[in-house]
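Asks: Read top to bottom, the protein sequences are chains A and B. Per this note's numbering, the very first residue in the first sequence carries number 39; after that it's consecutive. Per this note's numbering, the very first residue in the second sequence carries number 39; after that it's consecutive.
Note that these hints are calculated values from the structure, not bench results. We put the beta carbon where it would ideally sit given N, CA and C, even for glycine. Accuracy of the hints is not assured; some may be wrong.
Unchecked claim - Calculated lysine-lysine pairs in the DSBU-like style (CA-CA distance at most 30 Å, straight line): (1) A/183 <-> A/154; (2) A/438 <-> B/275; (3) B/382 <-> A/323; (4) A/405 <-> B/275; (5) B/382 <-> A/365; (6) B/337 <-> A/438.
To be verified - To be clear about the criterion: a stretch of chain A counts as covered by chain B if any three or more of its residues have a C-beta under 8 Å from a C-beta of chain B, and this derived list gives those stretches: (7) 43-52; (8) 410-424.
There are 2 protein chains.
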Amino acid sequence: MTEHTAELLGTPNERRIIFLVMDGLGDLPFGDRPQTPLEAAKTPNIDALLAQATTGLFDPVEPGITPGSGPGHLGLFGYDPRNHLIGRGVLEALGIDFPLEDTDVAARFNFCTLDKERRITDRRAGRIGDDINHRLVEKLNANLKFHSSTEVIVRSVSEHRGLVVLRGKDLGGRIPDTDPQQTGVQPLTAVAGDDASKPTADLLNQFVAQTEQILADEDRANGLLLRGIDKRPPIPKIGDRFPINPAAVATYPMYRGIARLVGMNVLDPPGDVAKTMAAAALVPKEFDYLFVHIKYTDKAGEDGNYDWKVEVIEEVDRNLPALMKAKPDVLVITGDHSTPAILKSHSWHPVPALLYAPGTVRPDGSKTFGERACQIGGMGRLPMRHLLPIALAHALKLAKFGA
Amino acid sequence: MTEHTAELLGTPNERRIIFLVMDGLGDLPFGDRPQTPLEAAKTPNIDALLAQATTGLFDPVEPGITPGSGPGHLGLFGYDPRNHLIGRGVLEALGIDFPLEDTDVAARFNFCTLDKERRITDRRAGRIGDDINHRLVEKLNANLKFHSSTEVIVRSVSEHRGLVVLRGKDLGGRIPDTDPQQTGVQPLTAVAGDDASKPTADLLNQFVAQTEQILADEDRANGLLLRGIDKRPPIPKIGDRFPINPAAVATYPMYRGIARLVGMNVLDPPGDVAKTMAAAALVPKEFDYLFVHIKYTDKAGEDGNYDWKVEVIEEVDRNLPALMKAKPDVLVITGDHSTPAILKSHSWHPVPALLYAPGTVRPDGSKTFGERACQIGGMGRLPMRHLLPIALAHALKLAKFGA
Numbered sequence: 039m040t041e042h043t044a045e046l047l048g049t050p051n052e053r054r055i056i057f058l059v060m061d062g063l064g065d066l067p068f069g070d071r072p073q074t075p076l077e078a079a080k081t082p083n084i085d086a087l088l089a090q091a092t093t094g095l096f097d098p099v100e101p102g103i104t105p106g107s108g109p110g111h112l113g114l115f116g117y118d119p120r121n122h123l124i125g126r127g128v129l130e131a132l133g134i135d136f137p138l139e140d141t142d143v144a145a146r147f148n149f150c151t152l153d154k155e156r157r158i159t160d161r162r163a164g165r166i167g168d169d170i171n172h173r174l175v176e177k178l179n180a181n182l183k184f185h186s187s188t189e190v191i192v193r194s195v196s197e198h199r200g201l202v203v204l205r206g207k208d209l210g211g212r213i214p215d216t217d218p219q220q221t222g223v224q225p226l227t228a229v230a231g232d233d234a235s236k237p238t239a240d241l242l243n244q245f246v247a248q249t250e251q252i253l254a255d256e257d258r259a260n261g262l263l264l265r266g267i268d269k270r271p272p273i274p275k276i277g278d279r280f281p282i283n284p285a286a287v288a289t290y291p292m293y294r295g296i297a298r299l300v301g302m303n304v305l306d307p308p309g310d311v312a313k314t315m316a317a318a319a320l321v322p323k324e325f326d327y328l329f330v331h332i333k334y335t336d337k338a339g340e341d342g343n344y345d346w347k348v349e350v351i352e353e354v355d356r357n358l359p360a361l362m363k364a365k366p367d368v369l370v371i372t373g374d375h376s377t378p379a380i381l382k383s384h385s386w387h388p389v390p391a392l393l394y395a396p397g398t399v400r401p402d403g404s405k406t407f408g409e410r411a412c413q414i415g416g417m418g419r420l421p422m423r424h425l426l427p428i429a430l431a432h433a434l435k436l437a438k439f440g441a
Numbered sequence: 039m040t041e042h043t044a045e046l047l048g049t050p051n052e053r054r055i056i057f058l059v060m061d062g063l064g065d066l067p068f069g070d071r072p073q074t075p076l077e078a079a080k081t082p083n084i085d086a087l088l089a090q091a092t093t094g095l096f097d098p099v100e101p102g103i104t105p106g107s108g109p110g111h112l113g114l115f116g117y118d119p120r121n122h123l124i125g126r127g128v129l130e131a132l133g134i135d136f137p138l139e140d141t142d143v144a145a146r147f148n149f150c151t152l153d154k155e156r157r158i159t160d161r162r163a164g165r166i167g168d169d170i171n172h173r174l175v176e177k178l179n180a181n182l183k184f185h186s187s188t189e190v191i192v193r194s195v196s197e198h199r200g201l202v203v204l205r206g207k208d209l210g211g212r213i214p215d216t217d218p219q220q221t222g223v224q225p226l227t228a229v230a231g232d233d234a235s236k237p238t239a240d241l242l243n244q245f246v247a248q249t250e251q252i253l254a255d256e257d258r259a260n261g262l263l264l265r266g267i268d269k270r271p272p273i274p275k276i277g278d279r280f281p282i283n284p285a286a287v288a289t290y291p292m293y294r295g296i297a298r299l300v301g302m303n304v305l306d307p308p309g310d311v312a313k314t315m316a317a318a319a320l321v322p323k324e325f326d327y328l329f330v331h332i333k334y335t336d337k338a339g340e341d342g343n344y345d346w347k348v349e350v351i352e353e354v355d356r357n358l359p360a361l362m363k364a365k366p367d368v369l370v371i372t373g374d375h376s377t378p379a380i381l382k383s384h385s386w387h388p389v390p391a392l393l394y395a396p397g398t399v400r401p402d403g404s405k406t407f408g409e410r411a412c413q414i415g416g417m418g419r420l421p422m423r424h425l426l427p428i429a430l431a432h433a434l435k436l437a438k439f440g441a
């Protein structure tokens with residue numbers, strides 16, 4: 039069954055599509071600033087695209103629904119996120135190039151700080167650095183011991199974040215988080231959601247108990263919170279669904295992971311904004327779809343740092359000429375969701391998008407690219423999963439439907 | 039099962055709805071002309087409707103999907119085109135008033151030019167005229183001989199186009215086109231997609247082989263390419279789904295055909311724009327839904343003739359007073375899809391629509407009718423299949439849903 043009529047109509051050609059994704063781009067006015075960061079940012083290079091562009095607002099999942107990073111990106115990649123749920127553990131595993139197998143159960147963990155009554159005092163263990171993380175993970179791998187045929191594999195991710203993978207036979211993966219999402223309480227016990235998940239839950243509880251013993255002498259990172267426990271979902275490849283040969287240019291593990299999960303070629307991590315955008319121009323031309331991911335807009339939003347978000351958007355704009363050396367026939371500039379600085383979190387607000395396609399677009403007359411300008415844009419307000427098919431159409435990669 | 043909630047709510051009355059459909063109406067700017075043909079056309083009569091109208095942009099199938107004529111019109115008639123696929127052969131049959139039976143398999147054919155190695159040199163046989171077409175079809179019907187209980191019926195359509203119908207028992211219709219859509223190669227062999235279609239495929243291959251013998255001495259039209267081989271799909275009648283008694287005023291075969299396929303009464307072919315619009319006013323008043331089809335906007339788009347498209351739209355506008363003599367309570371002016379002159383083909387761009395309904399409409403403040411004006415119109419951007427129910431509502435033909 040197809041989620042999109044577009045899947046029936048693919049006609050490959052050499053035209054190149056680039057999705058420039060500023061994570062968490064959508065935002066709100068902030069205090070006495072009536073503009074959003076995107077509206078306030080000086081973006082002459084983006085604005086110059088508008089003469090050959092159309093704009094609109096997109097809902098990653100549904101109106102009113104705040105997406106996580108997985109659903110946000112699945113929408114961008116033309117999937118209905120409601121049909122493809124991805125655990126965070128799976129995403130982290132893919133993002134550190136961990137060779138996850140279909141039968142593995144993966145969970146993301148946070149090192150946390152526990153007091154003497156085992157109550158959480160810091161859910162991120164004071165945001166320890168990568169060096170401490172690596173030392174702790176080595177210590178765990180050296181000391182953990184299980185009487186089980188199931189293998190327990192622990193890996194560093196970054197800062198306070200890590201990955202645990204259970205590799206065994208017939209392990210179920212239906213287990214809610216043990217992270218209570220608050221301080222002052224104990225971590226939750228892993229509880230199986232079905233019979234097949236009982237051995238998994240038992241082993242995860244053993245894992246957490248042993249970890250607390252092994253890390254008992256650590257001052258900050260002496261506990262673990264598990265999140266996104268699940269197996270890898272079967273997701274059809276984006277290159278099989280749509281007529282593209284896709285490549286991802288993304289620095290952060292999670293986004294590399296989700297790009298890999300949908301079957302993209304993931305290129306070497308490029309680094310900061312300038313390096314990421316320059317790297318896109320070096321991608322071999324046989325890749326006719328590039329996903330270029332900028333993380334810092336979301337970080338700024340999560341930090342409540344309006345000014346930083348404005349700066350990141352302006353930095354992206356300054357580096358647009360470098361990206362344009364990749365010669366896109368269709369360039370989409372958007373986000374995976376909104377992360378308003380005033381809310382310091384992901385939100386449900388629809389995401390502004392710009393589609394530049396000289397020669398095939400109906401220019402919508404927009405003079406600036408911003409949330410309020412987009413609300414009267416030519417693309418209207420659509421579910422995000424339609425944006426990739428619209429881009430495919432503008433790249434002339436879709437045949438006519440019906441006679 | 040119902041595709042529309044509106045189907046559950048029909049309450050007939052005498053109010054009349056007219057859909058004035060300019061085929062392929064939607065367009066793009068063209069070269070140094072920043073306006074679309076609809077925007078550039080002087081349309082004082084249409085503009086005068088706007089004080090009591092609402093506008094919007096409509097997607098015939100889905101955003102990004104380019105519809106054929108069948109899907110485009112099914113959307114206008116309130117059907118989800120994804121649920122009702124119509125073969126081109128069936129459409130052509132209906133369009134020439136051929137009395138197609140439910141068990142018939144129909145295929146459209148093109149006369150083509152073959153070289154001595156049977157390679158296609160012209161897929162349309164130099165676009166021969168109707169007179170040559172008629173002579174060739176007579177020649178075929180006089181000379182074709184099959185040792186089969188299945189009847190093979192050949193009919194002219196127009197220019198290089200014709201129709202072949204197989205009338206027999208238990209004939210399957212799952213056979214892809216034999217038109218390879220390119221020159222320099224031989225026509226494809228008809229290949230059955232299932233067991234029931236094997237006798238059909240055999241007979242079609244015999245038909246093509248005999249035709250090439252019969253036409254061997256013709257200089258241009260010495261071969262046949264088959265397209266859209268299929269049986270008539272079971273489509274529920276529009277008058278059964280919605281509370282209307284429908285009539286079609288359309289000159290071109292395909293549009294008369296699709297109107298008949300959904301169960302409309304199709305009136306005598308009216309001729310050019312002026313005659314078509316005047317004919318609508320003569321339709322007996324028991325028909326409370328009129329589909330009025332103007333082909334030439336699409337022809338102008340397909341020809342890449344921007345100026346002609348402007349002229350056709352202005353001609354439609356000049357004849358609007360004649361159409362208004364049909365006394366519509368609700369008048370919808372729209373297209374079945376976009377056919378941008380610059381692309382010379384159907385496209386995916388959403389279609390502008392105007393709904394005039396004095397007394398029941400919420401006027402949206404539009405001052406002109408054009409693609410860019412519609413993007414901020416009161417109907418927003420919607421799937422085309424919603425437009426008929428919206429018109430039914432404005433004609434007060436739908437009861438309240440729920441208590």
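Asks: Under the criterion that the straight-line Cα-Cα distance not exceed 30 Å, is the pair residue 382 of chain B, residue 323 of chain A satisfied?
Replies: holds (28 Å)
Asks: For the region 43-52 of chain A, do at least 3 residues have a Cβ located nearer than 8 Å to some Cβ of chain B?
Replies: n = 3 at 8 Å, threshold three: holds.
Asks: Three or more residues of the region 410-424 of chain A near chain B by CB distance under 8 Å?
Replies: Held - the region 410-424 of chain A has 8 residues with a Cβ nearer than 8 Å to chain B, which meets the minimum of three.
Asks: For the pair supplied as a hint, residue 337 of chain B and residue 438 of chain A, confirm whether the alpha-carbon distance does not exceed 30 Å.
Replies: Status holds; Cα separation ~17 Å.
Asks: Between residue 382 of chain B and residue 365 of chain A, is the straight-line Cα distance small enough, at 30 Å or below?
Replies: holds (25 Å)
Asks: Would the hint linking residue 405 of chain A and residue 275 of chain B be met if the CA-CA limit is 30 Å?
Replies: Roughly 46 Å between the alpha carbons, so the hint for residue 405 of chain A and residue 275 of chain B is violated.
Asks: Would the hint linking residue 183 of chain A and residue 154 of chain A be met if the CA-CA limit is 30 Å?
Replies: holds (24 Å)
Asks: Hint check: residue 438 of chain A vs residue 275 of chain B, CA-CA at most 30 Å. Holds or violated?
Replies: holds (25 Å)
Hint 4 from the list above is the single one not met by this structure.
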